[in-house]
Amino acid sequence: MPSTLMLAAFNRIRSKAPSNAGRQHPLAWLARVSVRSAPQNAAGPAVAGLLLAMGLLLATTPAMAERLLVSNEKDNTITVVDAGTLAVVKTVKVGARPRGIALSKDGKALYICTSDADHIEVLDLASLTVNRTLPSGPDPELFTLSPDGKTLYVSNENDNMVSVLDIAAGRIVTEIPVGVEPEGMGISPDGKILVNTSETTSMAHFIDTQSHEVLANVLVGSRPRVAQWTKDGSLVWVSAEVGGTVSIIDSAQHKVIQTIRFDIPGVPKESIQPVGIQLTADGTTAFVALGPANRVAVIDTHSYQVKKYLLVGQRVWNLAFSGDGKRLYTTNGVSNDLSVIDVDALKVVKSVPVGRLPWGVVVAP
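The C-terminal residue of the sequence shown carries number 365 in this note's numbering, and the numbering is unbroken.
By construction, these hints were calculated from the structure, which means they are not laboratory data.
It is possible that some hints are incorrect.
No more than 25 Å apart at the CA atoms, straight line, and that leaves these computed lysine-lysine pairs for BS3-like [unchecked claim]: (1) K231 - K105; (2) K93 - K105; (3) K74 - K350; (4) K326 - K347; (5) K108 - K307; (6) K192 - K150; (7) K350 - K308; (8) K108 - K308; (9) K307 - K269; (10) K231 - K192; (11) K192 - K105; (12) K347 - K307; (13) K150 - K105; (14) K308 - K326; (15) K255 - K192; (16) K231 - K307; (17) K350 - K326; (18) K269 - K326; (19) K326 - K307.
DEER-style ranges, computed between Cβ atoms [to be verified]: (20) P353 - S222: 19 to 27 Å; (21) V349 - Q258: 29 to 37 Å; (22) K347 - P268: 19 to 27 Å; (23) D166 - A126: 18 to 26 Å; (24) V89 - P265: 18 to 26 Å.
Ideal Cβ placement from N, Cα and C applies to all residues, glycine included.
Please construct the entire structure, taking both the sequences and the accompanying hints into account.
The structure is reproduced here in structure tokens:
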């Protein structure tokens, strides 16, 4: 095998390294051996052997790739996709109606809101098996993880509460009353302020994570969905599904400072339903999923103007960036697939079939 050949060559080099090499790694010494002098050097044959072994190893060893994890509402599954090949590598059965999903802080587990099972499941990403169940209120929809990775804040649609869940202890610490049909969850970069959206109340609720008190209620568009903080914590972007808008809220003043509306030629206004939001790492561009409009809006965050609409699959829900930010993945609930967007080119480059009614998507290292 290539790995055996490489090991043998490595050991031979180690035996040929001069005594004055000290404690340096044998390959560090090898790096100093010039190609020109290799034939006269005692390690010459070993150099050739190592280069051959390395070539064989590189040719036969696949590069490590990220994995895409997709929650499928209808199938009660998580689809695992290799981000390098864009091939489905496994489908994992989970609880009823999985929706919101999030990675643990260490990237080793996936938290899953199983809405109709009324709890949260923990998927071990090494074995791809569910190894733990955590409590929630009735009909958990979405959640957000505290920056320290110790707490999950869960919106429970059926009892108008946000549950504060201690992950290590596996228990709900407290419940916070909010508006009717809580949905979106977003936490400030410093972890001090939580924003929850309530669909029927059409509000964004600002909550102190220490006192668990509601600090402010901000009126936004009808049926708000996602709350996305900017990297500096100064603004919160809130999508309104029925209102067809995105509200930009000043997080210090608790005031809407801008409302973005959308106009797509040939698409009825009622089909333009903003849901998922993602901001680029440099904060200059926002991507907004527009639901039944089957588009993702590309927005300049300085002018708040739409630069482009990207045609994706049917009933686009949520979005996630690749680790390097070069790709954006969208879940399309009616066409049962993922769209892959080249972020620099602003172009859809691939469609990947997944389960039925795909909803959430995250990228795991």
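Here is how each hint holds up against the structure:
Among the hinted pairs, K231 with K105 is consistent with the structure: their alpha-carbon atoms are about 17 Å apart, no more than 25 Å. The suggested pairing of K93 with K105 holds, with an alpha-carbon distance near 23 Å, which does not exceed 25 Å. Using a Cα cut-off of 25 Å, the hinted pair K74 and K350 holds, with the two alpha carbons roughly 23 Å apart. As the CA atoms of K326 and K347 are separated by approximately 11 Å, the hinted pair is consistent with the 25 Å bound.
Restraint check for K108 and K307: not satisfied, since their Cα atoms lie roughly 37 Å apart, outside the 25 Å limit. For the proposed pair K192 and K150, the alpha carbon gap of about 14 Å is at most 25 Å, so the pair holds. Restraint check for K350 and K308: satisfied, since their Cα atoms lie roughly 18 Å apart, inside the 25 Å limit. With a C-alpha separation of about 36 Å, the suggested pairing of K108 with K308 is violated against the 25 Å cut-off.
The hinted pair formed by K307 and K269 meets the criterion: a straight-line CA distance of about 18 Å does not exceed 25 Å. Distance check on the hinted pair: K231 and K192 sit about 14 Å apart at the alpha-carbon level, within 25 Å; holds. In summary, the hint linking K192 to K105 is supported, as the alpha carbons are separated by about 17 Å, within the 25 Å threshold. Annotation: proposed proximity of K347 to K307 holds, straight-line Cα distance about 13 Å (limit 25 Å).
Taking the CA atoms of K150 and K105, the gap is near 8 Å; set against the 25 Å cutoff, the hint holds. Restraint check: the Cα-Cα separation between K308 and K326 comes to about 17 Å, which is no more than 25 Å; the hinted pair holds. A threshold of 25 Å between alpha carbons decides the hint, and for K255 with K192 the separation of about 18 Å falls inside it, so the pair holds. Of the pairs offered as hints, the one joining K231 and K307 holds, with about 21 Å between alpha carbons and a cut-off of 25 Å not exceeded.
Under the criterion of a C-alpha separation no larger than 25 Å, the hint pairing K350 with K326 is consistent with the structure, at around 14 Å. Restraint check: the Cα-Cα separation between K269 and K326 comes to about 31 Å, which exceeds 25 Å; the hinted pair is violated. Between K326 and K307, the direct Cα distance comes to roughly 18 Å. Compliance with the 25 Å bound is thereby established for this hinted pair. The hinted range of 19 to 27 Å is not satisfied by P353 and S222, whose Cβ atoms lie roughly 33 Å apart.
Checked against the hint of 29 to 37 Å, the pair V349 and Q258 passes, with Cβ atoms roughly 31 Å apart. Our hint of 19 to 27 Å for K347 and P268 holds, since their Cβ atoms are close to 25 Å apart. A beta carbon spacing of about 24 Å between D166 and A126 agrees with the range 18 to 26 Å that was offered as a hint. V89 and P265 have their C-beta atoms about 39 Å apart, which leaves the hinted 18 to 26 Å range violated.
Violation of the numbered hints given earlier is confined to hints 5, 8, 18, 20, 24; the remaining hints are satisfied by the structure.
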